[in-house]
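Peer 1: Listed below are the residues making up each chain.
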Amino acid sequence: MKIYIENRRFDLTDPSVNLLEACLSLGFDVPYFCWHPVLRSVGACRQCAVKVFKDEADTRGRIVMSCMTAPAEGMRVSVNDDEAREFRAKVIEWLMLNHPHDCPICDEGGECHLQDVTVMAGHVRRQSRFPKRTHRNQDLGPLVNHEMNRCIQCYRCVRFYADYAGGRDVGVQGCHDGVYFGRPSPGPLESEFSGNLVEVCPTGVFTDKSLKRHYTRKWDLQTAPSVCVHCGLGCNTFPGQRYGTLRRVRTRYHREVNGYFLCDRGRYGYEFVNSPRRILQALLRQGDNALAQVSAEEAIRLAKSLLSSGKCIGLGSPRATLESNFALRTLVSPSRFFHPLAVSQHLLSGSSLSLLRRFPLASLRDVSQSTAVFLLGEDVSNTAPLLALALRQAAVRAPRLAKAALLKIPAWHEAALRTAVQEEKGPFFLAATGPTRLDDLAAAPYRAAPGDLAALGFAVAHALDPAAPAVPNLPPAAAELAERIAASLKSAAAPLIVSGPSCGSEALLHAAANVAAALGKTNPQARLCLTAPECNSVGLALLPGGNLADVLRALRDGSADTLIVLESDLYRHADAALVDEIFTAAKHVIVIDSLANATTARAELVLPAATFAESSGTLVNNEGRAQRSYAVCPPKAPVQESWRWLTALTPNVSWPRWEDILAAMAVSSGDFRDVTTLGPAADFRLVGQKIPRQPHRYSGRTAMTAHIDVREPAPAADLDTPLAFSMEGSPLNPPGPLIPRYWSPRWNSDQGVHKFQIEVAGPLQGGDPGKRIIEPSSEPAGYFAPTPPASEGDGEILFTPAWHVFGSEELSVHSPGIAELAPRPYVALGPVDAGRLGVRDGAPVTVTLAGRTLALPARILEAIPPGAAALPAALADLPFFSLPARGSVSLAAPAAPEGRP
Amino acid sequence: MLSILRTIWTVFRHGFARRFTVQYPEQKRTYSPRWRGRIILSRDPDGQERCVACHLCSAVCPVDCIAIQAAEGPDGRRYPEFFRINFSRCIFCGFCEEACPTCAIQLTPDAEMAEPIRQSLVYEKEDLLISGPGKVPGYNFYRRAGLEIAGQAKGEGENQKPPVDPKTLLP
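Taken in sequence, the protein lines are chains A and B.
Using this note's numbering, read the first sequence as starting at -10 and increasing by one per residue.
Using this note's numbering, read the second sequence as starting at 2 and increasing by one per residue.
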C-alpha cells in the first residue's frame, strides 16, 4: 500500500497498522499520549492530529487523529501542516493548564513523555492565569509513588493496570476536570505488574519509589543491556548505576520475551546488589571462629592448596551464569560437577530439559498469540509473572479475533474492540492446586492435588489422541472436563499447554508432554511452555551433573573431600539435615557467592562474586533462549566474576577475556555452539568507536570523586564487550543486543524505543538479542505412561507448595520494598479441612511435616481442595521441604490464660 | 627626530595620566553584581535550602564539575544530600545559574578563590550555602510547586485550587 507523507511516497508493508504507527515507523515525530504500542488506540488525548488530503488537488485537507485513522491507498498526509501543528500546540496547552510547576522535583523529569511532547508540539508559554486544580495523593505501597497533580487524563494507567494486566484496585474516579486515577482507598497496589505504571504513565503521576530513595536522573545513570535474574523467563532489563550503587531497573524491549513490560519482582528486586549482606572481600575461617578478611592473592593461594588433593567436587548454580558453571565444570572435571538440587528437584530439572528438547516451545509472544490455553498446575503469576501477563492476553485473543473479523474492526482500534468483546473470554482452562491470580480467566478452575492434576492432563491427551495412554479410575467430573478441554484445544488454531516444575510433580510434566505430543500430531502450531525455577536453571541442566544425595555419597565413600559451591545457598535447595551432613562430611568447603547466607556461614573460604550488575554473562531462559547480560559497572576489586575466580584456580587454562571462555564453551558441547554469536564480538565498533554506557549528558564527571582526590581517575577499561564504562563513544544507535538505553533526539523518555525498532512493536534494528540454543527434535514424540501420584511421608493432609512473587525468590527479598510485601509464614487450608479441624482464619496451628513441627498461623482459602494444604515455598523464614509431601495439621494448644491460677 | 621627541612626550604625559590599575590586594575594586565569580547556594525567604537537587546545573555544566545526590526529608522537601563543585574545573560560565529553576545556585562577584592546594578547590554544600536569598529575594519554589510539604497541604500554595474530592459527581 502506498501513502504520501509530506508529499513523499512510502510503501507500507503492513497495512494493518494505524496512521500514527505508520508515521512513527517511517521516522516522523508525531506527538501522542494515550496511544501505546501495546495498549493501542482509544483516541482520548487528541494530540496526534495530522492533516489528511483527499487528493493532490486538495489544498484544504482535514485534521484527523492519526491513531484512529487507518491508512488508505494513495492517502496524502501532512504531519507538519501549519493548521495541524497549531491544533497540537493548542491541545498540549489545554493539557498543561493544570499541570504543576514541579518538574525540578519530579522523578520523571528528564525522561518525561509530557516534556518531550510539549517541546515537540511547540507550547512554550503559559497564557492561563487561573488557579490550578490539585489532588490529594495516595500511599500506594512500597513500590510506586503517587502524585496526582501531574495527571493529564490520558487513561493509560487504568488501561494498562485494569484492562491489560487484570488489576482490580486501580480505577477512575470523579468527573470532568477532577478525574482521579487511584485506588478506592490508599494501600499497596495488588497487581504484580504495578511497576509498569511508572513507564506507562506519560508523566510523573506514578514514579518508582525505590528510585526515590536514591534518586538519579536518567541522564546520570550508567546503563547497560542486562537480563533479569529473578525468575526463569529472562526478561530484558536496563539496570542503572550511579556513584557505585544500583539505582533502578527499567524494561528493555524484547519482542519475543518481555515486550514492553516487566514484573515488580524484576523491576524492584535489584536492591540486593546494594545490600549490606554483600560479600566484598575474600574471607577465611580462622579455626572455629568467624570469617576474617584475606587478600585476593592469598585467597587464591589457599584455594589452590585446598584443591591440590585432586579430590574436589563442584556444585554449580541455577542462578550463576553459564560461564561460571562452565568454568567450575572445567576446574573439577565434568564427572565431578554436581547440581545443588535435592533428588526431586534434580529429577524435575532433567525432565524439563528433555521436554524442551522434544517439543516446539512458546516464547512469551507466542503465548500471548495463542487462542486456547491449558494451564496445568503452574501458578504462573507467582513463579513466572510475565508469563501470566502473556496468558491474560491469550485468554481474550480468541473472542477479539472473532469480533474483529465479524465487525471489521481493525486490530489497533482498542476502544471499539473492548466495547465489542466486553468480558468475553476465549478457551482458557486452568488446573491448579490452589488459588491463582488467573482464576478470573477460566470459566471453572479445576483444583486438585498435583497427582490428580496430572491425571487430568493424561486424560486430556488420551481424549485428543486415543493412542495416548488412558487414565484408569478417573472421577466422572474430571473425565468430562478432560473431554471439554480436548475438544477446545483441538479446534483452536494455536493451542498452548503451560506447565512447570513448581508443583514438584514429574507426572505433571509428563502429562503436559502427552498433551503437547497429542496436539502436535495434528496441529503444528501447538506449543508447549514450561517455566523454569531460576534465571539459569535450563543453562545448568545443559551441563549434566548429579544431585546433592550423590554429593553426599561421593563425600562419604572417600572419592571426594573438598567442595566448591558456586553461587547457591544449599539450604534453599534441600533439607537442612542433608546439607548439614554434606558440610560435615566435606573436609574443606569453598563458597563463591555475592551475598552472605547460610551456606557461606559453613564455608572455610569465601570468595566474593560479582552480581549481574557487575558481570557480563550468558543466561538460558525457560524456552532455551541464551541471552547476554552485560555488566553495568565494573566490579570493585577483589570482587570479580565467579568464572574469573574459578579460572584463576584452574591449572593450564587461561581465559583472560570473556570471549576466551565463550570460545572454549562453544567447542565443548553442541548445545553451546552458538554462544559466541549471541551478540557482537568484543572488537565490534560503531564507526570506529565503542558504545558508551553513560549518556552524552552524564554529569559530574570531574566532581563525583573530587572529595577523595581532585584528580579524576581514568574510566575503567572494558576488554570483554564493545561497551565502554564512559560517556565517550559512538552516538549512533547500536545493534539490538548492545542498546544501553533508549534515547534519541527529541525522545528523552523510554517512549523513543520505536527509534530502535524496525517498525513500531517490531524487531530491533540490528537483530533481536539472544538466540534459542535448544531446538525441538523433528522426531515424533512418544507418550509417557500415567504414573500413580507419588508423595512422601504419611499423614492425612497433602502439603503442596504455594509460591509467592514476593518472597519465594532468593535475591529479590533483599530489596526493602519486596521484603515488605513478602508474606509471613503461614499454612493455607481449605474450608472443609478447616471446618473439620475447627480452625478459624488466622488461628495458630501446628504443622507436622517431614519430621518437623512448625507453629504457623492458618489461612483459610476457598480454592484449596479437601485433603490438601499449601505451605509457602522457598520463603526465607521457613525451612526447605520437598513438596508435595504428606503431613498433618492440628489446632495449636491454646495458650494458658494469664493471671489466673 | 620629531617622532622620537613625540614619543618621549607621550610617555612623559602618561606619568601624570589617571591610573586604571589599583594596588591589589591592599586596594579592591567593586565588581558588578552580575560578575560571574564564586558560586553559592542560596536560601528561601523563609530560610530553607532552595536547592531541590534537580540536577539541571550539573547536566548543563560544560566541564561536568558539579556532582549532586538528591534526598528527600521527612517534611517532603527535596534537598541535595551532597552538592559538590570542583572549582579547579569550573570555568565560571554561569550556565548553572541560568539553568537553575529555583534560583538556588548563583554566581557572586567574588573572584578571590586562589588556593595553593588544588584539593582545597573542592567545595561541598556546607562551603556553598549562604544564609540569605542572594540576588533573588522573593522567590519560593515550594509555594508554587503544588507539592505537599510540612506546613503546606495540597492546594495551599500560590494560585492553587483546594484539592478535588473525587467521590463527588457534582458539576
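Honestly, the hints are just simulated from the structure, not real lab data.
Predicted model only: the values in this text are computed from it and were never measured.
There could be a bad hint or two in this list.
[What the hints assert, rightly or not] Listed next, the in silico PhoX-like pairs over lysine-lysine satisfying Cα-Cα at most 20 angstroms (straight line):
hint, chain 1, residue 1, chain 2, residue 2
1, B, 136, A, 121
2, B, 126, B, 136
3, A, 479, A, 414
4, A, 576, A, 300
5, A, 43, A, -9
6, A, 121, B, 126
Peer 1: Would you mind marking each hint as holding or not holding in the structure?
Peer 2: Here is how each hint holds up against the structure:
1. Taking the CA atoms of residue 136/B and residue 121/A, the gap is about 28 angstroms. The hint is violated against a cut of 20 angstroms.
2. Distance restraint check for residue 126/B and residue 136/B: the Cα-Cα separation of roughly 19 angstroms lies within the 20 angstroms cut-off, and the hinted pair is therefore satisfied.
3. For the hint linking residue 479/A to residue 414/A, the alpha-carbon distance of about 17 angstroms falls within 20 angstroms, and the restraint holds.
4. Of the supplied pair hints, the one linking residue 576/A and residue 300/A holds, its CA atoms being roughly 10 angstroms apart against a limit of 20 angstroms.
5. Restraint check for residue 43/A and residue -9/A: the C-alpha separation of about 14 angstroms stays at or below 20 angstroms, so the hint holds.
6. Restraint check for residue 121/A and residue 126/B: not satisfied, since their Cα atoms lie roughly 34 angstroms apart, outside the 20 angstroms limit.
Hints 1, 6, counting from the list given before, are not met by this structure.
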